[in-house]
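As you go down the protein sequences, you meet chains F and H in turn.
Under the UniProt record's numbering, read the first sequence as residues 1 to 232, first letter to last.
Under the UniProt record's numbering, read the second sequence as residues 1 to 232, first letter to last.
Possibly wrong hints are sitting among the right ones.
Stated by the list, open to error - Okay, derived cross-link-like pairs now, PhoX-like style, lysine-lysine, Cα gap no bigger than 25 Å in a straight line:
(1) F:Lys55 - H:Lys128
(2) H:Lys126 - H:Lys186
(3) F:Lys54 - H:Lys64
(4) F:Lys55 - F:Lys143
(5) H:Lys186 - F:Lys106
(6) F:Lys186 - F:Lys219
(7) H:Lys143 - F:Lys8
(8) H:Lys143 - F:Lys143
(9) F:Lys143 - F:Lys116
(10) F:Lys106 - F:Lys116
Said to hold, decoys possible - Partner residues aside, some chain H positions facing chain F, computed with beta carbon under 8 Å:
(11) Tyr32
(12) Ile60
(13) Lys64
(14) Val71
(15) Glu92
Unchecked claim - For each label pair, taking beta carbons as the anchor points, the in silico distance ranges come out as:
(16) F:Glu195 - H:Lys54: 27 to 37 Å
(17) H:Pro188 - F:Glu121: 44 to 54 Å
(18) H:Ile112 - F:Arg175: 44 to 54 Å
(19) F:Lys116 - H:Val149: 38 to 48 Å
(20) H:Lys116 - F:Asn41: 47 to 57 Å
(21) H:Arg174 - F:Lys42: 32 to 42 Å
(22) H:Glu121 - F:Lys118: 15 to 25 Å
(23) F:Thr88 - H:Asn41: 46 to 56 Å
(24) F:Asp6 - H:Pro188: 52 to 62 Å
(25) H:Gly29 - F:Val35: 43 to 53 Å
What the hints contain is simulated information worked out from the structure, not anything from laboratory work.
From the three backbone atoms N, C-alpha and C, an ideal C-beta is built for every residue, glycine too.
There are 2 protein chains.
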Amino acid sequence: MAGKEDLKLLGLLVSPFVIRVRMALSMKGLNYEYVEEDLFNKSELLLKLNPVHKKVPVLIHNGKPICESLVILQYVDELFTGRAILPTDPYERATARFWAAYIEDKLCPAWIGILKAKAEEERAEKVKETLAAIEHVEVAFAKCSNGNVFFGGDSIGYLDIVLGSFLFWFEALRRMYGLEIINTSKTPLLAAWAERFGGSVEAKEVVPEADKAVQYANKLHAAAAVKLVSSE
Amino acid sequence: MAGKEDLKLLGLLVSPFVIRVRMALSMKGLNYEYVEEDLFNKSELLLKLNPVHKKVPVLIHNGKPICESLVILQYVDELFTGRAILPTDPYERATARFWAAYIEDKLCPAWIGILKAKAEEERAEKVKETLAAIEHVEVAFAKCSNGNVFFGGDSIGYLDIVLGSFLFWFEALRRMYGLEIINTSKTPLLAAWAERFGGSVEAKEVVPEADKAVQYANKLHAAAAVKLVSSE
Numbered sequence: 001m002a003g004k005e006d007l008k009l010l011g012l013l014v015s016p017f018v019i020r021v022r023m024a025l026s027m028k029g030l031n032y033e034y035v036e037e038d039l040f041n042k043s044e045l046l047l048k049l050n051p052v053h054k055k056v057p058v059l060i061h062n063g064k065p066i067c068e069s070l071v072i073l074q075y076v077d078e079l080f081t082g083r084a085i086l087p088t089d090p091y092e093r094a095t096a097r098f099w100a101a102y103i104e105d106k107l108c109p110a111w112i113g114i115l116k117a118k119a120e121e122e123r124a125e126k127v128k129e130t131l132a133a134i135e136h137v138e139v140a141f142a143k144c145s146n147g148n149v150f151f152g153g154d155s156i157g158y159l160d161i162v163l164g165s166f167l168f169w170f171e172a173l174r175r176m177y178g179l180e181i182i183n184t185s186k187t188p189l190l191a192a193w194a195e196r197f198g199g200s201v202e203a204k205e206v207v208p209e210a211d212k213a214v215q216y217a218n219k220l221h222a223a224a225a226v227k228l229v230s231s232e
Numbered sequence: 001m002a003g004k005e006d007l008k009l010l011g012l013l014v015s016p017f018v019i020r021v022r023m024a025l026s027m028k029g030l031n032y033e034y035v036e037e038d039l040f041n042k043s044e045l046l047l048k049l050n051p052v053h054k055k056v057p058v059l060i061h062n063g064k065p066i067c068e069s070l071v072i073l074q075y076v077d078e079l080f081t082g083r084a085i086l087p088t089d090p091y092e093r094a095t096a097r098f099w100a101a102y103i104e105d106k107l108c109p110a111w112i113g114i115l116k117a118k119a120e121e122e123r124a125e126k127v128k129e130t131l132a133a134i135e136h137v138e139v140a141f142a143k144c145s146n147g148n149v150f151f152g153g154d155s156i157g158y159l160d161i162v163l164g165s166f167l168f169w170f171e172a173l174r175r176m177y178g179l180e181i182i183n184t185s186k187t188p189l190l191a192a193w194a195e196r197f198g199g200s201v202e203a204k205e206v207v208p209e210a211d212k213a214v215q216y217a218n219k220l221h222a223a224a225a226v227k228l229v230s231s232e
């Protein structure tokens with residue numbers, strides 16, 4: 001099917017959610033037009049195609065939009081041949097979906113909360129939540145990987161993409177706040193996995209340097225400060 | 001496959017999330033052992049099988065647990081023959097997953113927030129969020145149903161189950177706070193759909209009377225009051 005499809009992706013280079021989609025498209029060997037969005041000045045196309053959330057990524061397939069990274073990953077996996085993204089066994093697939101939801105609903109708001117926190121106390125609370133969540137994910141790795149090197153077995157799969165997309169942001173948080181979310185003492189399995197993920201061809205293609213995330217965080221903080229001052 | 005399977009469900013009669021699973025199992029013609037949990041005194045089995053969230057529903061299939069209602073629905077649909085729960089077309093399936101996530105992430109915390117609110121101001125805020133979210137779902141119904149009577153077409157499907165499981169709680173909120181979340185003026189499509197859903201065989205089998213939800217809410221409020229008093 002690859003090659004004949006009209007695929008366009010509205011994205012943002014530092015968005016983990018966009019990185020997930022780019023990794024999936026790459027794993028399926030699909031070509032696509034990539035359009036960088038400016039989230040400080042969203043395009044008419046983005047607002048039209050994702051009126052509910054007004055967020056990237058939006059994948060446009062033969063003119064039809066698909067939104068939300070986990071939905072897009074499953075769509076791409078179900079529609080296109082090539083390397084499987086989700087596990088093929090139904091029970092393993094259910095387990096992967098369970099942990100993807102956990103990463104999305106618990107881990108993600110926690111670490112993004114560290115960035116968004118307006119006071120030290122709030123930041124400390126979000127750090128605590130992030131570290132508690134990542135310890136659950138450490139246990140998940142042991143269960144899902146079955147002794148293999150990735151969540152997905154011997155190669156990158158759904159959960160590797162879902163969690164791996166956060167890693168350069170975790171490195172940015174280390175540089176900004178000295179925080180080690182994944183480390184060899186508390187989460188040794190994930191620490192080894194993160195090394196492998198970072199060294200993989202799939203990640204190297206689309207994951208930016210952590211500096212880009214630091215720069216984007218500074219831009220967000222500056223914009224929030226301006227907003228605060230102008231609303232006073 | 002039905003009949004040979006060992007299926008056990010840890011549930012709670014007034015839980016919308018459990019109702020979803022019971023509807024899905026029923027649509028597949030599957031027999032299962034139902035075990036009512038007491039969430040004020042959770043069983044060892046529940047804590048062992050869902051150590052992360054410690055919540056119902058937990059479906060135990062041939063000894064293996066599956067947690068989280070949306071994950072279970074997809075598992076049941078993928079594994080068992082019988083009536084399809086999710087749409088079969090990949091784009092329609094992506095759309096259904098998008099709206100299921102919206103209902104779960106935006107609508108659900110909003111209406112549960114109405115119940116949990118400790119002050120009138122907080123309750124008013126949650127009412128506002130609930131009404132904003134349901135208006136989005138009204139638009140979703142027009143798109144997903146394609147002029148048919150259910151989200152899933154001419155019979156109940158994934159989104160019907162996901163949203164329909166809330167309806168008796170919406171009725172409970174009407175009785176408790178005079179609040180009409182779905183009504184003929186603002187959400188006429190959903191109002192007509194809710195009538196049809198309530199009258200369906202699938203719903204009648206497992207959806208309790210709204211009074212049961214009111215009673216459970218009173219029990220939760222009483223427990224919260226006791227907790228508040230005892231922590232003073």
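Numbers of the earlier hints that this structure fails to satisfy, in rising order: 3, 4, 5, 6, 8, 9, 11, 12, 15, 18, 20, 23 and 24
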